[in-house]
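Participant: Chain by chain, the residues run as shown.
Number of protein chains: 2
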Amino acid sequence: MLHSSFEQNQSPIQKLRRETTPKIPSILKHIQSLQAHPKDKMHANTHQDELQRLFPLTYGQSLIEFDEVSNLPTKPLKVGVVLSGGQAPGGHNVIAGLYDALQAFHEDSQLFGFLNGPAGILKNQTLLIEESTIDPYRNQGGFDLLGSGRTKIETEEQLRESLKTMNALDLDGLVVVGGDDSNTNAAVLAETFKKAGCKTVVIGVPKTIDGDLKNEHVEVSFGFDTACKIYSEMIGNLEKDALSSKKYYHFVKLMGRSASHIALECALQTHPNMTLIGEELAHNKSTLKDITKQIADMVCARSAKGLEYGVILIPEGLIEFIPEIGQLLKELNMLLAPEKPYQMHVTTQGAKALNAHLSAKSLNAFETLPELIKNQMLLDRDPHGNVQVAMIATETLLMMLVKKELEQRAVSGQFSGSFNPVSHYFGYEGRAGLPSLFDSNYCYSLGAVAALLVKNQVTGYMSIVKKLNLPVEDWQICGIPLTTMMNVEMRHGKLKPVIKKALVELDSSSFKVFEQQRSEWQVVDHYRSPGPMQFTGDPAISESIPLSLMETTSYAIVPEQLVKA
Amino acid sequence: MLHSSFEQNQSPIQKLRRETTPKIPSILKHIQSLQAHPKDKMHANTHQDELQRLFPLTYGQSLIEFDEVSNLPTKPLKVGVVLSGGQAPGGHNVIAGLYDALQAFHEDSQLFGFLNGPAGILKNQTLLIEESTIDPYRNQGGFDLLGSGRTKIETEEQLRESLKTMNALDLDGLVVVGGDDSNTNAAVLAETFKKAGCKTVVIGVPKTIDGDLKNEHVEVSFGFDTACKIYSEMIGNLEKDALSSKKYYHFVKLMGRSASHIALECALQTHPNMTLIGEELAHNKSTLKDITKQIADMVCARSAKGLEYGVILIPEGLIEFIPEIGQLLKELNMLLAPEKPYQMHVTTQGAKALNAHLSAKSLNAFETLPELIKNQMLLDRDPHGNVQVAMIATETLLMMLVKKELEQRAVSGQFSGSFNPVSHYFGYEGRAGLPSLFDSNYCYSLGAVAALLVKNQVTGYMSIVKKLNLPVEDWQICGIPLTTMMNVEMRHGKLKPVIKKALVELDSSSFKVFEQQRSEWQVVDHYRSPGPMQFTGDPAISESIPLSLMETTSYAIVPEQLVKA
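Sequence lines, in order, name chains C and Z.
Residue 413 in my numbering is what sits at position 413 of the first sequence, and the numbering runs on without skipping anything.
Residue 378 in my numbering is what sits at position 378 of the second sequence, and the numbering runs on without skipping anything.
Hints are supplied without guarantee of correctness; some may be wrong.
Said to hold, decoys possible - Quick list of in silico lysine-lysine cross-link-like pairs, DSS-like style, CA-CA up to 30 Å:
no. : chain 1 : residue 1 : chain 2 : residue 2
1   : C       : 374       : C       : 403
2   : Z       : 15        : C       : 247
3   : C       : 374       : Z       : 246
4   : Z       : 501       : Z       : 152
5   : Z       : 152       : C       : 15
6   : C       : 305       : Z       : 15
7   : C       : 501       : Z       : 247
8   : C       : 501       : C       : 39
As the list claims (entries may be wrong) - Non-contacting residues of chain Z with respect to chain C, defined by C-beta distances greater than 12 Å in every case (computed):
no. : residue
9   : 32
10  : 49
11  : 67
12  : 77
13  : 152
14  : 215
15  : 217
16  : 234
17  : 286
18  : 329
19  : 364
20  : 367
21  : 469
22  : 489
23  : 511
24  : 537
Because the hints were derived from the structure by calculation, they are not lab data.
Note that the structure is predicted; figures quoted are calculated from it, not measured.
Glycine included, each C-beta is placed from N, C-alpha and C at the ideal position.
Chain C on its own, in the form it takes in the complex (with noise of 0.2 Å):
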């Protein structure tokens, strides 16, 4: 009835998309013929003895690259995939690129979906993929195939029931679309089963919104590409918004966690008045005061050329960059740790309670937050008792304080100006769009790496399709380790291998580009509106791919022309 109601309910794009075949890279074109050619063992970075001690069965293995052969025998497989975690565009088609490629394999292979993410494994709840099922899906946004879901598979009793499910339906691979977390656990997941004799060998995808599972074998996580190009079109508008009303500062946060890949991209793709990169501001120690000054500093510089408006971006992740911000949070997640007894204490008799046990520093950070912040930092928590960082809202909290230091200027009379700033944030709305076809392709090209991987009975692998940056036929695929991209750090007291979380580098060349041209975007307005995401047409528009994944700088101001303007 759900799928019916949304075959019936599709728009005429979604039905353009739905009938479009993605293009594939060269490689993929004889998929039956593609054998893996294990090349040399391949070593994490760091950790090299803790990982071989926690993986004994999964780390040291080798990059496995494909050949051509005639000739292969097939059989049918029996593969599970699963979605976790966040949303991110082009999930189904991993799911497609997944199902063609085992029905190219053997045509009685069969695909189960677990159901709202990896509980769908505990509890054994799946849905048996077929081409009926799979083709309203194909190039859709969403992960409502399936659903998703948080849960993570960490306890003893967790991986048991794992094994269970795996054995009962008899799996030859698992494949596990998810994050850095997800993918860690994809790991574990691939070492407790071969441990256990169980055939079922378990491949990972790189999935999330927010550019942070990234490194030198991952050029980019999918949707990514998607999401940067709904929240680059929004603002977009803004800009041209606020350079023809020419009375808004508009202060826009973007989805994205910790790190500021998107709001990087989306700067690269916009041109924006000014853009705060977390990494930067912890780098240079910067304070909120710091932060607040630098933007009261471009509104006056602006004012006094008569610019009245503006447009700032501010990634999600932002407030934990800032030093004694993050300092503050980390004493308060402790503190409030569902186990602590302090949760009840600031319930019950407000903040006054965390006086004692708050470090000087962390309370007069806290003491100088407007009341809306210091409320929001103490109420709204996950499950797991830490700040939930999306909600907090930074946008607000600058803008306040940005006011009230230009309330201070124009009592001084170094500020005239008027300052009237809007908040924005960007964030749900980019997680479900249709997916860009450059995620279109990669997604469902990543779903055919990973059948072939599991065909080719490697565990713990992630699929992997590099040089995105060329045409989609000069893409190439191979597979890598997964334990290849951990690190080991100390959480809790224990040892924990974690894929590591990338975030923005200040000597990449992305970051350098965006670097050179700020300080000219913040007073002299270069807003560049990226538009709505094409889908036919120019492949100049339609299948272009994130700004930061290019090593050209060719799309930037060169200063000379500016010279000439």
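Could you slot chain Z onto chain C? The hints should help.
Facilitator: Quick look at chain Z alone, frame taken from chain C:
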């Protein structure tokens, strides 16, 4: 410098759009040969005598149509154009259509753009528009070529200044691009100029994303289509997100001032679980309590089916239509007008000073509101002392009230689900986006027809393009006297002629289509994602028009299909 910077920073899609020639109705293909053909005299539907008295020179004029003739004499024309009020996508194409038509009439014609809205008329600040000026702005969003403004030309002094500017520039015509207020203003200017023996004719162009400038002559104002498409893209994405993560209720407030046209169009496009229509709530005399109950009932019904998520659309003007709140706003607006002493009382003594001055009913309504909303009502006011409707967080108000209601129901065992609301406001993002193909074509024609009306030296007319649900070639053009669209209202003890703001009519076919399906949408998800606007490819997608403009209900869900599904 600003313009060069704009050109230099144009994205590929902005360039593509810039290079595209709009489609025009067949009749405009020989625009040089078109001559005005006055038809029947036209009258307003009401207040004919008053309008005759108020507009002795421009009331009761004829409908103007156009015939093709040969050997029309041509002479250069001098025309001014002003963009008035909030942006609407397509404004630049009105200017382009006007410019190209004037050039087609005579290459020595001149077009002056008044800067920053009607204030530019008072100060005689203009930009001479030439091919190189308009070229980068063809098919682009925003009003940034000229800027806009909300100054009204009303006083004797202002009318004199305007007359002076017309004479100084020796204008044959003035084209006023604006909403209901600005077009009312245009009618007054037309009468004033004619009375003064000034040759400048005045022509209005119907602009507003809100869709409330609409009547038997104006099928839709420009910008409405694009704004609704942008909002619908985002709403469709939120629906997909809600359906995938299954844990949030999205409360989406939509721009659009008093009327609920945008909310209704977006509802037809996206099939959300609930859409509040202000006009209907007013008709039913629904109280805030009724609306709260209505939403809570839906949350409970969905929860009983295991659906703990949803999407609810809220028009920004909603609060005006709720009787007790409407009355409260009226009283507050009277009490807090800038010239009134209460303004000061409120800021210095807080809300208590109001108690003695509000009616018992309004005081009661005020007291039931959450603090946040009370503060907004008292403090966020426009220069005329009016509560800024868009600033009132209606979506937050409803979220708070529904949450409270559900908590009470939980206590009595009527609700055992979860309710996680998330608020959104879609507004500024939709005012300045790249215009849809429909708005691009429509605006270009509106500009051309305005040029024709100026050339034919008729004054006090609106440029009209109609039969908009037919292919562009078959669109029809005419001029309608502005006074025909007016009625007369008593304001501050004076008779004031105004173009009536069109509200959603509860017997319109678009409301009926919505009404027929909405109860189904509440409990079965029929979400629909119209996706991002397309500028090339299948015309069924790229050239689509607002659903509320279509006579057909072919897009609607046919109940039989549901049964079969």
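Participant: So, for every hint listed, does it hold in this structure?
Facilitator: Status of the hints after comparison with the structure:
A hinted pair counts as satisfied when its Cα atoms are at most 30 Å apart, and residue 374 of chain C with residue 403 of chain C qualifies at roughly 18 Å. About 27 Å separates the Cα atoms of residue 15 of chain Z and residue 247 of chain C, which keeps this hinted pair within 30 Å; it holds. A threshold of 30 Å between alpha carbons decides the hint, and for residue 374 of chain C with residue 246 of chain Z the separation of about 29 Å falls inside it, so the pair holds. Only pairs whose Cα atoms come within 30 Å are accepted, and residue 501 of chain Z paired with residue 152 of chain Z is accepted, the gap being roughly 17 Å.
Of the pairs offered as hints, the one joining residue 152 of chain Z and residue 15 of chain C is violated, with about 47 Å between alpha carbons and a cut-off of 30 Å exceeded. The suggested pairing of residue 305 of chain C with residue 15 of chain Z holds, with an alpha-carbon distance near 29 Å, which does not exceed 30 Å. This hinted pair checks out: residue 501 of chain C and residue 247 of chain Z have alpha carbons roughly 26 Å apart, not beyond 30 Å. Pair hint residue 501 of chain C plus residue 39 of chain C holds up; C-alpha atoms about 26 Å apart against a cutoff of 30 Å.
Here residue 32 of chain Z stays apart from chain C, with its beta-carbon at least about 33 Å from theirs, past the 12 Å limit. Taking the minimum C-beta to C-beta distance to chain C, about 40 Å, the non-interface status of residue 49 of chain Z holds against the 12 Å cut. The Cβ of residue 67 of chain Z sits about 38 Å from the closest Cβ of chain C, beyond the 12 Å cut-off, so the non-interface label holds. The non-interface label for residue 77 of chain Z is consistent with chain C: the shortest C-beta to C-beta separation is roughly 27 Å, beyond 12 Å.
At roughly 16 Å from the closest C-beta of chain C, the C-beta of residue 152 of chain Z stays outside 12 Å, upholding its exclusion from the interface. Remark: the non-interface label on residue 215 of chain Z is consistent with the geometry, its nearest Cβ contact in chain C lying 27 Å away (cut-off 12 Å). Look at residue 217 of chain Z: its CB is around 28 Å from the nearest CB on chain C, clear of 12 Å, so calling it non-interface holds up. The claim that residue 234 of chain Z lies off the interface is violated: its Cβ sits roughly 5 Å from the closest Cβ of chain C, which falls inside the 12 Å cut-off.
Its beta-carbon lying about 28 Å from the closest one in chain C, residue 286 of chain Z satisfies the requirement of being farther than 12 Å from that chain. At the 12 Å boundary, the C-beta of residue 329 of chain Z stays outside the reach of chain C, the nearest C-beta of that chain being 22 Å off. Its beta-carbon lying about 28 Å from the closest one in chain C, residue 364 of chain Z satisfies the requirement of being farther than 12 Å from that chain. Look at residue 367 of chain Z: its CB is around 22 Å from the nearest CB on chain C, clear of 12 Å, so calling it non-interface holds up.
No Cβ of chain C comes within 12 Å of the Cβ of residue 469 of chain Z; the nearest lies about 16 Å off, and the non-interface call holds. Under the 12 Å C-beta cut-off, the non-interface status given to residue 489 of chain Z relative to chain C holds; the minimum distance is some 28 Å. The non-interface label for residue 511 of chain Z is consistent with chain C: the shortest C-beta to C-beta separation is roughly 20 Å, beyond 12 Å. A cut-off of 12 Å between C-beta atoms contradicts the statement that residue 537 of chain Z is not in contact with chain C; the least separation is 4 Å.
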